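Q: My numbering numbers the first residue of the sequence shown as 8 and each following residue consecutively.
Keep in mind that the hints were calculated from the coordinates and are not lab data. Mixed in with the good hints, there may be bad ones.
What the hints assert, rightly or not - In silico lysine to any residue, SDA-like type, Cα no more than 20 Å apart, as pairs:
| no. | residue 1 | residue 2 |
| --- | --- | --- |
| 1 | Lys390 | Val699 |
| 2 | Lys125 | Asn563 |
| 3 | Lys576 | Cys536 |
On a predicted model such as this, the values are computed, not experimentally measured, just so you know.
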Amino acid sequence: MKQWNFYFSGILYGIIRDQNEDGKELNHQTLDVFTNTFNREEPFHNDDFYEVLCRRKIRRFFESLPEYEAHAGAGEERFTTSKGQVFTRRLSGDGLQANEAYMHDSCIHDTYIQRDVKFPLDLYVSDGQLYAVQMSGRDYTGVLVLDGMEEHTILKEWSDRPVCAVRFAGTHMVPTADGELLASDVYLPGTIVSEHVLDPAAVCSGPFPTQVPAVLVRTPYGKHDGAEQYYRFVQRGYAVVVQDVRGREDSTGEWMPNYYEVEDGSDTLDWIAEQPWSDGNVGMTGGSYLGYVQWAAAASGNPHLKAILSSVCAGSPFIDLPRRGGCFTSGSMAWNFAMTEQRFREDRMIRSDWEEVLKLRPLRDMAKKALGIDVPFLNEWLKHPDYDDFWRKANWRERSCGHVVPALVMSGWFDDNGMGTTEALELIDEFYPTGSYKVVLGPWKHSGNANYDIHGIFMGERALRYDMDLLCFAWLDHFLKGEDNGIETTAPVEYYTLGDNCWKTGEHWPLPETVPTVWYLDREALTLCKPQRQESDSYDYDPDSPAAHIIDISENELEVPEDYTEEEKRGDILCYTTPVLDHDLTVTGDITAVLYLSSDCPDTDLFVRITDVDENGTSIKLADGVMDVKYRNSFEKPEFMEPDGIYEVRIRTTKLSNTFKAGHRMRFTVTSGAKNFMFPNSNTENGFDSEVNRIAHNTICRGGMQASHILVPAEQRA
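Modelling step: build the complete structure from the supplied sequences, incorporating the hints.
A: So, in structure tokens, the structure goes:
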């Protein structure tokens, strides 16, 4: 009989016994977090307990275990199971960076990584026997390991400290300054037991501090959804408060995305500090909207907020969502539809008719026609076509006023809230002293540290990390508990470079090692030499037939890498490409496009993309940028074009780090439509919300006095 132990963020949560070592007869014991003891052993039939923690079906692993070991024992480089699972062998130790010790490749013989799935299994094998599975997530790692083999996994890095029981301290209605009530579940640490002690008799009842620091989670998705993932903070000695934001689930008030979060966050921090169990120190955690509310709370200047764990945070309304570059993001309508009622409706995200839905006009009637109901927050957004006080209230970047809260910032090159992280990095660059921030940027989409392959594009065998939760706990322990754990002495920036497929470190963001390099548009080329003669390229943009932004709206991931080779053959896309590179070119940061545009219409949009073109001509999108041209100088005051004018438009792309390998080419494309991403600009003064469209004849000038170009941050390392 084999015993497997399941750990979540270094805490033993389950014991699974394989009675016949064939995966067919399994018993297990699961941790009761409220008593800090293990439940009695029972047959293992249901995956719910493990899946809510690590998003994987552990029972299925055991069903396939004999097949895994047969393939791995044969030393295969790649294998496909009878269930269609694909695994490839990861090289052990080769090219391992100093800051990649968390991989523990020196402790293993073979590792197989699962391909083409979200939330993969990493199989660890020794002498043909599988002894561990490591499972990464946005800010956690699950480990399933043969009893006694823990030291050969990431568990080696977890300190052996006491683990507390979880005590539910009730639902509290936190009052806001304007009289609303925010429903908040409170969990407190209780009895303590060593995480490796399985004997229930070993549980002790204290002593435990009567006042502890707190971790606050503010969510629009329901405070009960995934609350089990937050128990680990309680188990490590923190109080946890999980709160429904205003107008959501059990909280009162109006649901208006982003609008009340600065004030409500501050009121909640004050409430926590007043509780008898609180020592006055609060941290926050969460991703996406749950990341946005952290920066909003920080913008309030509340003194009780001492640290944040900012993951894929949403940004300000005209830089990120819902009006990126002043355009209106159509790709996020799946999220908007899911948020139309007080309780989250995930079923409304998945539709087969999104293309038809997004064509409905006027926009104020879209939800009513598609869902049969009105959506007040969408209608309110449409009442404010330009940046005004309504949008300003939701702009945490603008409202921050230099207040510093130590921030661990985590995001990815393909995060569709990536511009929010860009704004966070700008704030850090402007105000934060060394040691009060740390940045981790990976080859990830919005779901984070969860894919080796994104839309068929391989991110590299070291794309995923097992130490994200270690970093998070070290950050909180240092800034909330005062532990001297060395987190401030680690590299301020850790980032992954595609192409080289390795992790690197930096002392600051933007990287001091980058040099802005100017590439000029010259006919169909990108050139380092400025063309002396002024020429131009033109295309016709038809709002009824825009170029595609290649995504699946139901997936709710807007910035995924994709193959644009065929799309770039359209007549309304201008392509500018470097010569075939004779040396590697590493670009790290965001690119700024400076375009000189003329048009026969008063308004239009510009969409730019950076792609990596390989030896076969395949063009993979890495970054993009968008701008509604009437906002080229200010989001507050639209300036329409005259037919004989030439206008400078500056567009900032999303972040990237990519080595364009020798033999590849870097490509820059320009167009005016991005179906599935942005509502098409009508080319009239009514922009994206018009029932009348015009075809725009758009011209990009190049060379001479109006030399359109891009500024590329190229790494210059010794």
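Q: Determine for every hint whether it applies to the structure shown.
A: How the hints compare with the structure:
1. Lys390 - Val699: The given pair, whose Cα atoms are some 19 Å apart, holds under the 20 Å limit.
2. Lys125 - Asn563: 14 Å, holds
3. Lys576 - Cys536: The given pair, whose Cα atoms are some 26 Å apart, is violated under the 20 Å limit.
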